[in-house]
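Undergrad: Sequence:
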Amino acid sequence: MSPGDKLDPLPDSFILQPPVFQPVIPYVTTIFGGLHTGKMVMLQGVVPQDARRFQVDFQCGCSLQPLPDIALHFNPRFHTMKPHVICNSLRGGRWQAEARWPGLALQREASFLILFLFGNEAVKVSVNGQHFLHYTYRLPLSRVDTLGISGDILVNAVGFLNINPFMEGSKEYPVGYEVPCSRVLPRGLWPGQVIIVRGLVLQEAKDFTLSLRDQSARLPVTLRASFADRTLAWVSPWGQKKPISAPFLFYPQRFFEVLLLCHKEGLKLALNGQGVGATSLGPQTLEQLRELRISGGIQLYCVHP
Numbered sequence: 001m002s003p004g005d006k007l008d009p010l011p012d013s014f015i016l017q018p019p020v021f022q023p024v025i026p027y028v029t030t031i032f033g034g035l036h037t038g039k040m041v042m043l044q045g046v047v048p049q050d051a052r053r054f055q056v057d058f059q060c061g062c063s064l065q066p067l068p069d070i071a072l073h074f075n076p077r078f079h080t081m082k083p084h085v086i087c088n089s090l091r092g093g094r095w096q097a098e099a100r101w102p103g104l105a106l107q108r109e110a111s112f113l114i115l116f117l118f119g120n121e122a123v124k125v126s127v128n129g130q131h132f133l134h135y136t137y138r139l140p141l142s143r144v145d146t147l148g149i150s151g152d153i154l155v156n157a158v159g160f161l162n163i164n165p166f167m168e169g170s171k172e173y174p175v176g177y178e179v180p181c182s183r184v185l186p187r188g189l190w191p192g193q194v195i196i197v198r199g200l201v202l203q204e205a206k207d208f209t210l211s212l213r214d215q216s217a218r219l220p221v222t223l224r225a226s227f228a229d230r231t232l233a234w235v236s237p238w239g240q241k242k243p244i245s246a247p248f249l250f251y252p253q254r255f256f257e258v259l260l261l262c263h264k265e266g267l268k269l270a271l272n273g274q275g276v277g278a279t280s281l282g283p284q285t286l287e288q289l290r291e292l293r294i295s296g297g298i299q300l301y302c303v304h305p
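All letters in the sequence shown, in the order written, are residues 1 to 305 by the UniProt record's numbering.
For the record, the hints were derived by calculation from the structure and aren't laboratory data.
Among the hints, a few may not be true.
List of simulated lysine-lysine pairs, DSS-like, C-alpha gap at most 30 Å [what the hints assert, rightly or not]:
hint, residue 1, residue 2
1, Lys242, Lys264
2, Lys241, Lys264
3, Lys268, Lys206
4, Lys241, Lys268
5, Lys206, Lys242
6, Lys124, Lys82
7, Lys268, Lys242
8, Lys241, Lys206
Starting from the given sequences, assemble the full structure and let the hints guide the process.
TA: This is how it looks when you write it as structure tokens:
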């Protein structure tokens with residue numbers, strides 16, 4: 001996605017992100033809706049017996065090279081004479097001045113619950129129910145869209161909570177939509193509109209397909225991910241495949257986000273916050289699209305519109 005592309009504002013219910021259980025470390029995931037004042041991230045796990053250090057990074061993107069900017073680098077260290085936590089920020093490939101907190105409330109072979117609460121000017125961190133530190137932002141909070149966890153840590157659960165994280169009258173996360181799923185588009189599509197699909201890849205999934213059907217029941221737009229050979233492609237109405245040259249971002253038991261931004265020449269595609277390509281259609285074709293269909297080995301949590 002380019003900096004000039006504007007997305008329609010989404011209601012808070014579309015930003016609710018289900019928890020992640022027993023993720024494989026290192027773990028990187030999109031923070032749906034990004035960070036904003038009042039949002040909270042919960043990390044529950046165990047420090048291994050021989051742990052030296054681990055880190056929790058709130059990142060501005062998820063690229064591997066070059067490294068993305070990091071708004072908050074939370075780095076507990078256990079291998080020194082006095083265990084402590086280092087916090088820092090990475091800007092333009094350069095680390096800023098370290099901030100150090102002694103009296104680390106984490107111990108080897110012990111379970112923990114860490115809460116990151118994001119305020120207007122700083123993030124507050126509590127460990128096992130006790131306030132531990134606050135760290136003033138050095139980068140805009142609005143730029144953060146990715147969570148990374150690595151190092152010597154066993155994670156049981158990662159939770160993402162908004163100011164009002166639950167639907168009114170409910171105490172559970174949404175159970176999602178049945179697959180296959182179909183949504184009617186009574187007005188078709190138009191430049192500036194956004195299609196968002198968020199879900200979880202199932203353990204034994206074979207593929208995932210997102211299609212847009214026109215009034216004559218043709219499928220001029222089909223996006224297909226094959227989990228068997230780890231390929232992503234646009235599929236033409238005649239079955240021809242146009243591979244998408246991008247890292248394959250769909251993994252079993254991992255959450256994903258597919259975003260399609262409509263513009264006058266077609267659709268731009270982003271996966272987990274990364275722009276990965278586009279397909280040409282033209283405004284007349286967009287207007288004729290009347291149905292969104294989703295199928296495959298996934299659990300859906302958000303379909304918009």
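Undergrad: Now tell me, hint by hint, if it's right for this structure.
TA: Do the hints match the structure? See the list:
no., hint, in the structure
1, Lys242 - Lys264, "holds, 21 Å"
2, Lys241 - Lys264, "holds, 23 Å"
3, Lys268 - Lys206, "holds, 25 Å"
4, Lys241 - Lys268, "holds, 17 Å"
5, Lys206 - Lys242, "holds, 19 Å"
6, Lys124 - Lys82, "holds, 22 Å"
7, Lys268 - Lys242, "holds, 15 Å"
8, Lys241 - Lys206, "holds, 17 Å"
Checked against the numbered hints above, the structure breaks none of them.
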